Amino acid sequence: MGLSEEQLLARLKEFQTKNQLEHDNGQRRGMKSLSVRLRLGKGGLRMAPQEALGEVLRVPLGCVTPFSLNFHCYQYMFNKILVSYSKKLSLSTHDLDKFLKSIGGDPSYVDLGSNETYANPSVGKDQPPDLACFVPSGSTVLPDPPQPATSSKGHVEIQVSVDNKSTASTVNSSKPSTSAKRTKDEQVNCVNVTKTVTHVQSLVEDLLDKTSSLLLSEITEETIAKHEGQLGTKVSDSIRSRLREDFERTLMILKSTAYTEGFSAGKRHYPHRTY
Amino acid sequence: MEKREGEAEPEQKEEEEQVVNPWMVSAKGGGKIDYDKLIDQFGCQRIDQSLVDRIHRLTGRPPHVFLRRGVFFAHRDLNEILDAYERGDKFYLYTGRGPSSEALHLGHLIPFMFTKYLQEVFKVPLVVQLTDDEKCMWKNLTVEESQRLARENAKDIIACGFDISKTFIFSDFDFVGGAFYKNMVKVGKCVTYNKVVGIFGFTGEDHIGKVSFPPVQAVPSFPSSFPHLFPGQDNLRCLIPCAIDQDPYFRMTRDVAPRIGYHKPALIESSFFPALQGETGKMSASDPNSAIYVTDSAKEIKNKINRYAFSGGQDSVEKHRELGANLEVDIPFKYLSFFLDDDDKLEEIQKEYGSGRMLTGEVKQLLVEVLTEMVERHRRARAAVTDEMVDAFMAVRPLPNMFI
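If you read the sequences in order, they're chains A and B.
The opening residue of the first sequence carries number 1 in UniProt numbering; numbering runs sequentially from there.
The opening residue of the second sequence carries number 1 in UniProt numbering; numbering runs sequentially from there.
Treat the hints loosely; a few may be bogus.
[What the hints assert, rightly or not] Simulated crosslink set (DSSO-like; lysine-lysine; CA at most 30 Å straight-line):
#1 B/123 to B/139
#2 B/155 to A/210
#3 A/210 to A/234
#4 B/302 to A/210
#5 B/139 to A/267
#6 A/234 to B/351
#7 B/186 to B/210
#8 B/210 to A/210
#9 B/32 to B/166
#10 B/345 to A/234
#11 B/210 to B/32
#12 B/155 to B/351
#13 B/155 to A/267
#14 A/255 to B/182
FYI, nobody ran anything at the bench for these hints, they're computed from the structure.
All figures in this text were calculated on a predicted structure; none of them were measured in a lab.
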């Protein structure tokens, strides 16, 4: 007693739909959790449309099928990318970064934590969204799409594994396919802050701006009348006391950043060195 | 005279007696902590003005606001550390954090702000212990979660402004082993089960992980625990800035130290940072309005201070003008005494607010400005701390310029 051809096909379709639904549900749960951790609300993150492949990644449809292998003892990750149906390409993380930067991207590697943390993020008053700093500033919210998300065919999702951590790379492109509205009270974009800290000219401008601003606020008709000849000394003391902490903190971060860059370069050059 | 080290705490005959240990702080009858009684009970010493002046003289730098205002108010053997420093003998700093939550509030930052000052003025190295194993055990976190929190808390610690060329941050799960573990075993052999029960109050229901934890927090006091930092410097002294509830760990450590050939670590201890709702209130992770968090926006800080900061002002303006504010219980004034660096300004507020000429609203407004500036500065610094920077701070590496 077996099944007819029609029954078999019906059962096969049901199986595929169920698996696809489970895959989609799992993917939706994962997206929801990531969206919350990015401070985008529950629906602020969605899979990129097919058009993004050409616009953002500048590769044709159908050529990117990421498959990463994780070797714990190596610092690299391999992405098999279909260049064509007859050829495959392996990329190290270094090369992937180079590619993303060449198309104007600014990749960030994020440890999404354990499966449980990924599936059930604890975000609340006591646990603020831990990935919020990776959302580009000036982003705007798009309304939810009218139709539910369908298959992931044609969407690009690059899973990166480095060492034994699970990470997801995000491309900070000028045309983000997902975005979120930032309120006036949003945190400073950490990528921009890092750039300011390492870019000496920007840092100097920032410090000079703070000094100028304080200087101008201290010199008023009232203070001129009050302190007269002693105004210079008063303003100087005020600048020293009010800006010292700011300057120290900023320059210490600069020192730490420079040290870290040297340290990381040394680690890459001598990966097995121990002290 | 100092209470004998490691001696068991007197039994709590009455439930109303205050209780201060690493896992519980409660005042008598739900009131305020009696710090004089605590000093007497623990057997440590008060930091007086002459000691603050001595630090000023030795370092050539103005004493930190926490010293001037008596936030760090007690010590053990701080004078010995200063004597050694005066002779040209260096020391290192040791502090730590139990990473039980991701969000830090201002109270959490206090020991780190003060330790950063000590590192700067004395030009000495620092080790920071992240007791992820402790929180895994006490808070029943998974190993992975406690390690993740440790790294997140490390970012806030780094943002306080520590010098990377003089600072080693480590987590217990990553670092325990080798010379560190050897010292743990040496300490463990010197402390009986009865003694550790007496000091920490363990019961038969507590698992053996908890009972065996104290040596983990004790041994960073010994330089030989860090052979990559202090090779051959077994004589190097250690100064531990911490809140006074950590004193039991180091009473035990000081009792053991001479028996295994090490200097007793010195301590400099702080009082507790009050909750927004007052000294009798409790800061609680489940009540976000009980504290100002480093992740709070300017708007949230303003809202919390205006709505939840317990005021010592009177019920009406007329009554306030007549009687003035009760500064003993006024939280905005207390917070200013922690964070407003200008002594003259604080004294003026004390006079004007205490006499009723200044109103609660003005004091709160100033506090909002002070805290907002502080939190914003911290957040900017924290945003620049990368995972690679955390790796660098936590790398087992020599620090060749640690005393420069």
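Hints, one by one, checked against the model:
1. B/123 to B/139: violated (36 Å)
2. B/155 to A/210: Holds, because 25 Å separates the two Cα atoms, which is no more than 30 Å.
3. A/210 to A/234: holds (17 Å)
4. B/302 to A/210: Answer holds: residue 302 of chain B to residue 210 of chain A is near 23 Å, not above 30 Å.
5. B/139 to A/267: violated (35 Å)
6. A/234 to B/351: holds (24 Å)
7. B/186 to B/210: Distance of about 18 Å is within 30 Å: holds.
8. B/210 to A/210: violated (50 Å)
9. B/32 to B/166: violated (38 Å)
10. B/345 to A/234: OK: residue 345 of chain B and residue 234 of chain A at ~15 Å, within 30 Å.
11. B/210 to B/32: holds (29 Å)
12. B/155 to B/351: Roughly 39 Å between the alpha carbons, so the hint for residue 155 of chain B and residue 351 of chain B is violated.
13. B/155 to A/267: Within the cut-off at roughly 21 Å; holds.
14. A/255 to B/182: Distance ~35 Å between residue 255 of chain A and residue 182 of chain B Cα, so the pair is violated.
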